[in-house]
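J.: Fit chain B to the supplied structure of chain A, relying on the hints for placement.
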Amino acid sequence: MAILERITRNIDNRFWDPGSEAFPVKNRYTAGMAGQRFFKEIKENGKIFGSKCQSCKITYVPARIYCERCFERLEEWVDVGTEGTIYSFTVVYKTKSGKPKESPSIIVAVKIADGLLIHRLNGCSVEDIQIGMPVKAEFKPKAERRGGIEDIKYFKPL
Amino acid sequence: MRKVAIVGAGMTKFVRRALETPKELAYEATKTALDSCDLRLEDIDCVAHGSAPDAFDGIHQKGEYLADGCGGWNKPTMRVYVGGGTGVHAIIHGWHHIASGMFDTCLVVCEEKMSSAMPHAQGFFLTIFDAITERSLHPNLLWIFALEMNRYMQRYGYTKEDMALVAVNNKRNGLKNPASQFKDEVTVEDVLNSEIMAYPVSRLDVSPVSDGAAAIVLAAEPVARRLTDKPIWIEGVGWTLDTAYWGTRDLYYPRYLDKAARMAYEMAGIREPAKQINIAEPYDPFGYKALHHMEGLQLSPRGKTVELLRDGHFALDGNLPMCPSGGLLGVGNPIAAAGTMKVCELFWQLRGEAGERQVPGNPRLGVAQAWGDLMQVSSVVVVGN
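So the sequences go chain by chain: A and B.
The first sequence runs contiguously to residue 158 in this note's numbering.
The second sequence runs contiguously to residue 385 in this note's numbering.
These are calculated hints, taken from the structure and not from any lab test.
Sample of chain A residues with no beta-carbon within 10 Å of chain B, all distances over it, derived: (1) K47; (2) E75; (3) Y87; (4) V91; (5) Y93; (6) V126; (7) A143; (8) D151.
Label pairs and their calculated CB-CB ranges: (9) M263(B) - R120(A): 55 to 63 Å; (10) R203(B) - T95(A): 43 to 51 Å; (11) E161(B) - L116(A): 53 to 61 Å; (12) G318(B) - E150(A): 51 to 59 Å; (13) W73(B) - P157(A): 27 to 35 Å; (14) R120(A) - I196(B): 48 to 56 Å; (15) K26(A) - W246(B): 24 to 32 Å; (16) E41(A) - G123(B): 32 to 40 Å; (17) P76(B) - N27(A): 24 to 32 Å; (18) E41(A) - D229(B): 41 to 49 Å; (19) K26(A) - E185(B): 31 to 39 Å; (20) L116(A) - K275(B): 54 to 62 Å; (21) P139(B) - S88(A): 43 to 51 Å; (22) R302(B) - L116(A): 53 to 61 Å.
As the structure is a computational prediction, the values presented were derived from the model and not from experiment.
Beta carbons: idealized from backbone N, C-alpha and C, even for Gly.
With the rest of the complex left out, here is chain A (with noise of 0.2 Å):
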């Protein structure tokens, strides 16, 4: 072996700290053009956009400013509505630390025209989620929403 196995209970881990400075520096992200307008549109009117490439049929939510497949611009944003339908889901039961959480939190993928929203679910069992149902965004009140993905509370079925 050429490392030696010192430790062999994990309890017993020890490391050397090279200061007491905490690490300094933290992120700061934009939203970027299509994000900026994208958020301003669900706080300030409560609507979803998605953008349209024509040449390959493709709306994407949320918006985007160029097309990955054929690299195209997209100047045509389109409503796409607060519905969708449920791609995919999750049940989730354990906190990031593995305890178990209080109650289990359902996680889904909303296909929206072409694109997918990860968000919560609200106001369904575990027992009664399917893929393929329809769902639709709940907005916080207009006075509450900051211009994120938070805007919206939840989905919640039909």
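T.: For chain B alone, coordinates are given in the frame of chain A:
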């Protein structure tokens, strides 16, 4: 090996903070490069894209994330990452794809969005230092440059004023570049009076933090000749790594570049680079680094570079213009994109399309170089018309 040409180029403006996402920045540069040679994405066989640390854009697996913005959807796509050297190294990577005979066309795209790091991208570099012997001192990159610059100045008897001449030269060139993030001319006094960050490095000796992207289109010889009357040939490539140990590395002479440059010149059949090369785009994140690299590129005798700079040898209308683009100091430094920008510049210069900053006398040969990793990698590309 097959001959490989650059047939198109494009870049975004370099800015301090772009609204565009990293993907969108990459798209703008890529689309411009494709449009410049009337190609569509379907004409592209493969993609070689580059970006420096994931942490800058704040996205792990940044290469995979960026791919579709670089035209990589459903194509053979590979990311290159050798720190600051990425922008030139990605071109060598793309050159391999075509020279080998595997592909006829290749998009090379480099992107960096450093503004997402708050308060400053410097913070991400703490972990490049040795965890046991260095990190507890809370070092940052400026320390490395300061130690190198000081050693270089001491070795040849240079002053801070000598070093400031580079920022003045490059920033002056950059004023003529529409992609530059700067508007103001800078004097030697301005550089000397700017605050000292880590002696002897003052603020204006340092390139800025930037967002941007740059792209080129590579093609095999028969394809290139069909596409354009003015292909710019990749005549030589070279790259090497020096040791990562400070103690066994020269701080006043870039040995990491010496061998890479000789490798590229040998391939290009260049015996006397200082006489044969018409335009140099040495990597210039700091003023002294451009001088360092001119020596490593064998374009200036060691310890004589400041003299030649003072004599106008490296001016736009001099014998060997240095950084006609403006370089990192004059255009901006979105890390990987900055290296590719240097090759874009050579493409435009050698085709006579550089507008106001065109080097006179129909230049024939140019060399671009970038430097990075743990300050010990160098990549060199020689191009000719």
